[in-house]
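K.L.:
Listed below are the residues making up each chain.
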Amino acid sequence: MAKPKVATTSLAGCFGCHMSVLDIDDRILKLIELVQFDKSPIDDIKKFTGRCAIGLIEGGCCNEENVRVLQDFRAHCDILISVGDCATMGGIPALRNMVPLQECYEEAYLKGPTVHNPARQIPNDPELPLLLDKVYPCDEVVKIDYHLPGCPPSADTIWEALVALLTDKPVQLPYELVKYD
Amino acid sequence: MSDNLAASVREICKANGGDRTRLMDIVRAVQAKFGCVSGPAMEMIAQELKVHRVEVHGMVSFYSFLSEQPKGKVTIRLCNDLVDQMAGAAEVGQAFEDELGIKVGQTTPDGKIALEYTACIGMCDQAPAALVNDVVVTELSTDSARRIVRELRKHMDPARLVTRLGDGNNAHELVHAMVLNNIRVKGSLIFTPTNRGEAIRKALGITPAEVIRAVKTSRLRGRGGAGFPTGLKWEFTRAAPGERRYILCNADEGEPGTFKDRVILTELPDRVFAGMTIAGYAVGAEEGIVYLRGEYAYLRKYLEHTLQERRKDNLLGRNILGKQGFNFDIRIQMGAGAYVCGEETALISSCEGLRGDPKTRPPFPAQKGYLGCPSVVNNVETFACVTKILEQGPATFCEIGSQGSPGTKLLSISGDCKSPGVFEVPFGIKLSEVLKLCGAEDAIAVQVGGASGQMVAREEFGRTICYDDLATGGALMVLGPERNVLEAAEKFMDFFVEESCGYCTPCRVGNVLLRNRLARILAGDGEPSDLDYLNDLGQTVKIMSRCGLGQTSANPILTTLKNFRPAYNALVKKRTDGLQPAFDLRTAVADAERVIGRKSEHAHA
Amino acid sequence: MSATIEFTIDGKEIKGQPGQTILEAAQQAGVYIPRLCYMKGLTPWGSCRVCTVLINGRPQAACTQPIAPGMVVESSTDKVNALRRNIIDMLFVEGNHFCMFCEKSGSCELQALAYRLGIAAPKYPFMFPKRELDMSHPDVFIDHNRCIQCARCVRASRDVDGKHVFDFADRGAHRRIAVNAEAFLKDTDLAVTDKAAEACPVGAIVKKRTGYAVPFGQRLYDKKPIGSEIEAGVKS
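In order, the protein sequences belong to chains B, U and X.
Here our numbering is used: the first residue of the first sequence is 31, the next is one more, and so on.
Here our numbering is used: the first residue of the second sequence is 25, the next is one more, and so on.
Here our numbering is used: the first residue of the third sequence is 426, the next is one more, and so on.
Check each hint, because a few of them may be wrong.
[Unchecked claim] List time: in silico DSBU-like cross-link candidates among lysine-lysine, alpha-carbon distance up to 30 Å:
(1) Lys504(X) / Lys648(X)
(2) Lys504(X) / Lys586(U)
(3) Lys173(B) / Lys566(U)
(4) Lys515(U) / Lys95(U)
(5) Lys515(U) / Lys555(X)
(6) Lys648(X) / Lys60(B)
(7) Lys392(U) / Lys588(X)
(8) Lys141(B) / Lys623(U)
(9) Lys588(X) / Lys555(X)
(10) Lys504(X) / Lys566(U)
Don't read these hints as lab results, they were simulated from the structure.
In this text, all values refer to a predicted model and were calculated from it rather than measured experimentally.
Using the sequences and the hints, build the whole thing.
P.N.:
See below:
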């Protein structure tokens, strides 16, 4: 029987949650026995090769590209997991949710103390995805099946949740593993 | 200017005895004189009353008729409750906006006229209506709205907007209002003639305990909506230890769709004051307070005059009607625009010059109410009933109505019916009979009990108005065949979001969440699971809230979920694509498209 | 002098003294009832509603409700805890709670209650309100993003410190903590030694230069759920 596939992505995140996945240390060998990685920065597969059992989402949705990727994940994965606070509630990027978008752009490209932009223009390049009006928690864009809180969630948290799901057991995390920081 | 302010504030505080508990009167007076209660004014008031500035600030910022910033010399407050909306308040609002050249919530650049929306002002039977400062203008149209603005621009005198006078005492020189009573059915209790002074004379002829026994025998229950047995309340208050006791009359009639207390106060204030006086005798109180909602300020002079007349006739004052040692007087406490102050403990807070936050119970008002003293709080109509009970005897009272609910009930009926107005009906009457009386046989739904009540469907029009079935303070809002009950529910949720005091979590947050999710469903983005969400959230708000406002605020949603499920089912769609229907990429990138100046290919693919 | 009052919580016999609230009597008996706005030594307030219990089926706040003989109290049941979870969820989405950089994280009572009640993420949409930050005072700051309107600072300042540094302004969803000054905390008489400066259950009122002092793993609620200390205090 083919191994179930797992896909991962980082949207508006810092890759810290991915680091946490790698932080499971030697258990990664066990994980490789259990699953095969599909689209993921871990193996650098850029496009889905088929249906996946589990999709791990790091980061919230801050731009149109994030939305496209997240919707793609929803279409290809049986179970979607919001991994980390950014995916769950927007996280640090969502600090801009209380600031009008125009001001965000200006701060980033024109007014910020480290900005060098002699042209005084906010770039308009199709390669740069348009920002959304706010950073959306993932479950406001697509249905999310599980949330693993933390910034990042600890390696143990991710490991426990994955093993439970891959072995058809309920995800019941012990007290020490549910943390929001 | 600031010297002027300082002198005036000092004078106003002095006129109120420098009494911190009279803060409401003080800030109302300051606002009347200066158009707002500014930061410096709050500072000065705090100094004069020896309280903290933040207490004054907290109080002023609570009430919607009080303002920290200067608004117009004249403020137009257009009522935007459900019935007024049904009668075209939006178009009237547009006409005001066009004529004034401003939007709702703004003041004209010359600082003269401000335009606002306000919650129900108790004129649903003559909607759309508005307050222009204290002056009520009713049955508005786009034409009359424009005319009002033009008139105001000429003379800035709201009183001159009253070009025709209403019926009954609305035409009294001290009322001088275009308001109509619209009394459609006079029953055998409230709207019957009485002999002024007769009830008090009879009460004073028996002992206080016997007065309470008579009220208990009548099985009179509170007419405001909650239905607590009046005699029992008085007994508790009399029995509670305390040096002083108080009688409070709840004339805060803020429940959307209710206006019957307005009519009682216009036509039968003597009967209400008599009831309060009898209550004072029964429980051993010497002071009564009528908490009159800010919206009814136009009745104040007339009510003060009536009180003065009663003092002249020794129906108030010392040794009333010769009864040695029985002293009782009544003062009027104005409110300032807060629905929650109809909740009895919030009403007490407001009378004490505090924010209108409800108090922790226990202790109940009967034990520790106004200023910590045992207090009776009863509705206007309840006091009117008391007078009749003492006059006629409890047996006659019990002959009317149904077994569990003796007496009559005043109904305020508005919305899609031929004759909106006040109806005095015996308890036990069927809803269908009421609808026949007001000419609303084609109703598809009736909101019974105001926004906090229940939306009753056609199939249930056989139910009866009484404490054991459709218990209500008396507001019936009729929805005709053209109406959307879920949009009505949304309006009510808007109201609760606006009027929650915010003290407790479920009411402060839960109502916002409920309103938003209902709006999502109405926008066509709902799923079947949203109905479970609404139900679970609604139950949480109902069970977990601290006072009656929160405990009933989810009713518009909970009762429509129960009684109008097909209407919801028709709106929600099950999705299989795993996407959230409420997320719209085009909306989400619209800002960026504007800032950057290009269209999103993804959003418009 | 006082006779004991006997009642039950979730079937357990509790003996309390007259005048005690349900929350106090329960606590004395080693039964923890979740709470946020309650703080020992302050006037009970009853605003967060987290301590709601069912008394003979009727909901009441345990922090304000006096005990009475024979009352049957339901507290730690699935039904009541589900309602409490909803309240906690509301508080999280109402404000801006960025636990990942909050000084109070690990020792925050709101966060700890979410942990205890097993909340992975709130079920309601986040509101992302715009709230103010007041850094004006030399020793204490207010971050309104994190305020849960529990009034502990209000009561501590008024009842314990004998000042009136804080009170509420506005109403409904706009209700907020205001300070006894035109605008800023620095213009009040708040001292860092005030009870009000340490009464906040979350990270809304924080003493400056005290954040992040305790390492992960050693903070109040890192290892054991909030309330464990009360439950451990039971002597059987």
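K.L.:
When you check the alpha-carbon spacing of Lys515(U) and Lys555(X), does it fall within 30 Å?
P.N.:
With Cα atoms ~25 Å apart, Lys515(U) and Lys555(X) stay inside 30 Å; holds.
K.L.:
For a C-alpha distance cap of 30 Å, please report whether Lys588(X) and Lys555(X) respect it.
P.N.:
holds (29 Å)
K.L.:
Just to be careful, I want the Cα atoms of Lys504(X) and Lys648(X) compared with a cutoff of 30 Å; is the pair within it?
P.N.:
Cα-Cα ~26 Å, so holds.
K.L.:
Lys173(B) and Lys566(U) were given as a pair; does the straight-line alpha-carbon distance stay at or below 30 Å?
P.N.:
holds (28 Å)
K.L.:
So if I understand the rule, the pair passes when the alpha-carbon distance is 30 Å or less; does Lys504(X) with Lys566(U) pass?
P.N.:
OK: Lys504(X) and Lys566(U) at ~14 Å, within 30 Å.
K.L.:
Under the criterion that the straight-line Cα-Cα distance not exceed 30 Å, is the pair Lys648(X), Lys60(B) satisfied?
P.N.:
holds (28 Å)
K.L.:
Given the hint that Lys392(U) pairs with Lys588(X), does the C-alpha gap stay at or below 30 Å?
P.N.:
holds (25 Å)
K.L.:
Sort out whether Lys586(U) lies within 30 Å of Lys504(X), counting only the CA atoms.
P.N.:
holds (21 Å)
K.L.:
Verify the proposed pairing of Lys141(B) with Lys623(U), using a straight-line Cα cut of 30 Å.
P.N.:
Roughly 25 Å between the alpha carbons, so the hint for Lys141(B) and Lys623(U) holds.
K.L.:
Given the proposed pairing of Lys515(U) with Lys95(U), does the C-alpha separation stay at or below 30 Å?
P.N.:
holds (26 Å)
Violated hints are absent here; each numbered hint is respected by the structure.
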